[in-house]
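J.: Read off the chains here:
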Amino acid sequence: MKAELNEQALLKGLANNDSKAIEALYKDNFNMVQSFILNNNGSYDDARDIFQEAMIALYEKAKSESFVLTSKINTYVYSICRRLWLKRLQQIGRYSNQIDSLEETVSVEEDLEIHEKRNAEFAIMDRALNSLGEPCKSLLEGYYVKKMDMQHLAKEFGYTNADNAKNQKYKCLIRLKKLFFAQYNIGE
Amino acid sequence: MEDNLLLQAIERYLDGTMLPAEKAYFEELRKNTPEIDQMVVEHSMFLHQMDLYSDQRNLKHQLHEVHTKLIERGDINEGGELNTRGRVIQLYNKYKRVTAIAASVGGVIALVISGLTVYFTPANNNQLQELRREVEVVKRNQQSQSAKLNEVDSKLPKDAILTGGGSGFLIDAKGYIITNAHVLKGSSFANVINDNHDEFKAKIIYRDEARDLAILKIEDEDYKPSKSLPYGFRKTDIDLGEEVFTLGYPRNDITYNKGDLSAKTGYNGDSTRWQLEMNANPGNSGGPVLDKNGEVIGVLSTREKHAEGVAFAIKSKNIFKMIEEIKDTDSSLEKIKLVSRSSIKGKDRADQIKEMEDCVFLVQAFNKK
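The listed protein sequences derive, respectively, from chains A and B. Under our numbering, think of the first position of the first sequence as 1, with each following residue one higher. Under our numbering, think of the first position of the second sequence as 1, with each following residue one higher.
Chain A on its own, in the form it takes in the complex (with noise of 0.2 Å):
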């Protein structure tokens, strides 16, 4: 029962960006995740990118309105890393099917669907933000990514005022959703 809320506790930590709680799961499950990939022919780098990418995964859950947990967190990131190994080992033509699973897992496909969602979502706003050019991109990022507010901002960039850093930004916003907006469509 300790150990479920102590779950619980970091999960939610976790939702909130709690950086002790990013620490405590990452030590709890990264060893787990590493000794899985390296068994199944992947490498130390392979083994970070799976295991940063299931804990994003781990963190859209938490953050999710219906998330529930059903299983125990380090059963719930295995699950998530063996389902993106193998996906992983299929594209680059390696797929074997000894591959190791002694632990139990859970059925993941659901989450992993609305992840790879997630994931094309972010791409084509990374590719968006990137195809904008400075200093839009900065500024926009500046804004929205790193939070910072106007007055930061238009002194940094070098602006006169905060007025004329904000109505830059709403110029560069209408490119951004432009450029959004043209592949998102598509994605759909």
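Some hints here could point you the wrong way.
[What the hints assert, rightly or not] Calculated lysine-lysine pairs in the DSS-like style (CA-CA distance at most 30 Å, straight line):
id : chain 1 : residue 1 : chain 2 : residue 2
1  : A       : K147      : A       : K63
2  : B       : K224      : B       : K327
3  : B       : K69       : A       : K63
4  : A       : K166      : B       : K327
[Claimed, not checked] Covered stretches of chain B, as calculated for chain A (at least 3 residues, CB under 8 Å):
id : stretch
5  : 68 to 76
6  : 234 to 247
If you are wondering where the hints come from, they were derived from the structure by calculation, not from laboratory data. Built from N, CA and C at the ideal position, the CB exists for glycine as well.
Chain A is already provided as a structure; the job is to place chain B on it using the hints.
T.: Frame of chain A; chain B shown alone:
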């Protein structure tokens, strides 16, 4: 420019930073202008995407930092360069389970083989078998006895563990019993039981491992010493072919066995022993070997493992020698006197046995837990 202002308005509206009047006006505008309404929805969706995007980016950044931090702290590690050492570690990780299984199988096989080797190798010591009773046998017997005898419990301390057993016989009517030292191996005290199943406490007063002899003294108020022993101890030499017999407790009841003296030395020319042509069994150890006149010629102790019906007895001379020796060291033992005259000489065997039965005991050796 108009787009810009509109967007700004929409963003403020969605942020909730509009003043109430302005908000009411904007909502009115939204209601009446489908285009603006559409723009609000679209922008809200976009902002949501933006939020998700920034969340994910921030999280990725955080994860990356945590990763570096944990590696620095050594909580996780990536084991050096992947192409050289890493490869080996990967191979190791990949095959360690197989290796572990192979190693344990190998280990088990090695143990089994060495175990079998030890078991089947005829060690020199194993040629002779001591005729002490194995603990299980004695224990079982003890249980059956305790059913008959309520006294068993009272005569033994609660924490006594049975270590072995054999036979023994009186060498002095005052309650001195001789037996084999190996019967008492690993024990600190003993009980003796006669053929009537009367049980007496006995103290181990001397052990001579070299001669494989030991002396017990009955220290029990229930024991009533007789005036003299029916048998004597023979000092003179004995001839091959002389008929001998023994009494002992290979079972819980006193058992008679007879045979002949077949050699004047024991196993491998051991001059301290007689070789007997006699069937002796575990439990016979420590029993008296007597000649036809009822004189003790030795103490039955071992048998040859790979020959049927060959047993060895410690010559009675050794009892004399031992007692002489201990008299020097322990004056309380000066009371022990070995008689040489046998009062059952000339009687027939059944009468001889009847008279001496009470002097032969089942010895049970115990240790404290």
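J.: Any hints this thing doesn't respect? Which numbers, in order?
T.: Numbers 4 and 6, in rising order.
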